[in-house]
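Number of protein chains: 2
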Amino acid sequence: MPKKLAKRFNCPTEFALDVLGGKWKTVLLCYLKERPCRYRELRLLVPRLSDKVLTERLRELTEKGLVMRRKEDGHASVVTYSLTPKGQTLRKLLSELYAWGEEHATAFGVEVGEPLKRLGVRR
Amino acid sequence: MPKKLAKRFNCPTEFALDVLGGKWKTVLLCYLKERPCRYRELRLLVPRLSDKVLTERLRELTEKGLVMRRKEDGHASVVTYSLTPKGQTLRKLLSELYAWGEEHATAFGVEVGEPLKRLGVRR
Numbered sequence: 005m006p007k008k009l010a011k012r013f014n015c016p017t018e019f020a021l022d023v024l025g026g027k028w029k030t031v032l033l034c035y036l037k038e039r040p041c042r043y044r045e046l047r048l049l050v051p052r053l054s055d056k057v058l059t060e061r062l063r064e065l066t067e068k069g070l071v072m073r074r075k076e077d078g079h080a081s082v083v084t085y086s087l088t089p090k091g092q093t094l095r096k097l098l099s100e101l102y103a104w105g106e107e108h109a110t111a112f113g114v115e116v117g118e119p120l121k122r123l124g125v126r127r
Numbered sequence: 005m006p007k008k009l010a011k012r013f014n015c016p017t018e019f020a021l022d023v024l025g026g027k028w029k030t031v032l033l034c035y036l037k038e039r040p041c042r043y044r045e046l047r048l049l050v051p052r053l054s055d056k057v058l059t060e061r062l063r064e065l066t067e068k069g070l071v072m073r074r075k076e077d078g079h080a081s082v083v084t085y086s087l088t089p090k091g092q093t094l095r096k097l098l099s100e101l102y103a104w105g106e107e108h109a110t111a112f113g114v115e116v117g118e119p120l121k122r123l124g125v126r127r
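Residue numbers (my numbering), protein chains in the order written: chain A, 5 to 127; chain B, 5 to 127.
The reader is advised that the hints may include incorrect statements.
No distinction is drawn between identical chains; accordingly, a pair holds when it is met within one copy or between any pair of copies.
Calculated lysine-lysine pairs in the DSSO-like style (CA-CA distance at most 30 angstroms, straight line) [said to hold, decoys possible]: (1) Lys11 / Lys75; (2) Lys90 / Lys29; (3) Lys11 / Lys121; (4) Lys121 / Lys8; (5) Lys121 / Lys56; (6) Lys29 / Lys8; (7) Lys90 / Lys11; (8) Lys29 / Lys11; (9) Lys11 / Lys37.
The set of hints was computed from the structure by calculation and includes no laboratory data.
Chain A extracted, bound-state conformation:
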C-alpha cells in the first residue's frame, strides 16, 4: 500500500508534491495526461525503470486514485492506463513542468529527450 496522504499540510506546495509522489510517478502522469497509454508504451518511455518498479509505480498511482487500469475488450492481456478525473486536475501543472524543462535545458547545460513525440503528440 502506498503511504497515506497526510490530513494537513503547512503549505499547498507540499501537498501538491505529495500527490505527485516523486519523480517517476510524475513522469508517468505527464505521459498519461496526453492520452491513455498501454503498458508497453509506458515501458518504452521510461527505459531506465525495471519492469518491477514500473508496475509498482503504476499500482501506486492507481491506488491513489489518479490513474485507472483497464483491460482492452477482447484482449485481456492488453492493459491500458489513463488518468481518472482526479488525475486530470493535474494536467496544467504537469504541462508546466514539461514545458519548463524543455525551455530551460540549454541554459542549464543539459540535454533533454522529447518523449512526448513518441506518443505522437505535437508541441
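Chain A is fixed; fit chain B onto it per the hints.
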C-alpha cells in the same frame, strides 16, 4: 556539495524535478519567488524543519545557483535570501504548484495552511 545535475535526461519533466530538488527546496523556492526573505522568516514558514536541515537546504539552493545569500548593509548578522535570475525562471511553475494545492485540497480531504499570507502576499 549537492548532487551534480546530470547532463542528459530522457524527459524534460525529470529534469525540471531534479532542478527543484525535492520537497523542502521546492517549498522554500515557492516562498522566495514572492520576495526576498530573511532567514528568520523562512524559519517560521517551515517550522517542521530543524535549523540544521533548513540551513543545508538553503546552502544547496545557493550552490545550485537558484538562490543568492546576502548580508544586510550594516547588519552583518541579518542574512537575506532571494532568487537569482536562474531561480526566477521557476516562478510560473512554482505558482502553479501552490495554486493546484490550494484549489484541490478539499477534494482530496486535506487541509492546507496559507503560508504566503505570512509573507504579506495577497492572493
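Checked hints:
1. Taking the shortest alpha-carbon separations for lysine 11 and lysine 75, neither the intra-copy value of 33 angstroms nor the inter-copy value of 38 angstroms comes in at or below 30 angstroms.
2. In this assembly of identical chains, the alpha carbons of lysine 90 and lysine 29 lie at most 30 angstroms apart whether taken from the same copy (15 angstroms) or from different copies (26 angstroms).
3. With identical chains, the CA atoms of lysine 11 and lysine 121 are at most 30 angstroms apart between copies only, with a shortest distance of 21 angstroms across copies and 38 angstroms within one.
4. When the C-alpha separation of lysine 121 and lysine 8 is checked against a cutoff of 30 angstroms, the pair qualifies only between copies, where the shortest distance is 28 angstroms, while the shortest distance within a copy is 34 angstroms.
5. Proximity of lysine 121 to lysine 56 under the C-alpha cut-off of 30 angstroms is restricted to the intra-copy arrangement: shortest distance 25 angstroms within a copy versus 43 angstroms between copies.
6. In this assembly of identical chains, lysine 29 and lysine 8 lie within 30 angstroms of each other by CA distance both inside one copy and across copies; the values are 15 angstroms within and 22 angstroms between.
7. In this homomeric assembly, lysine 90 and lysine 11 come within 30 angstroms of each other (Cα to Cα) only inside a single copy, at 17 angstroms, whereas the closest approach across copies is 34 angstroms.
8. Both within a single protomer and between protomers do lysine 29 and lysine 11 lie at most 30 angstroms apart by alpha-carbon distance, with minima of 21 angstroms and 22 angstroms respectively.
9. In this homomeric assembly, lysine 11 and lysine 37 come within 30 angstroms of each other (Cα to Cα) both inside a single copy, at 26 angstroms, and across copies, at 26 angstroms.
Violated hints amount to a single one, hint 1; each of the other numbered hints is respected by the structure.
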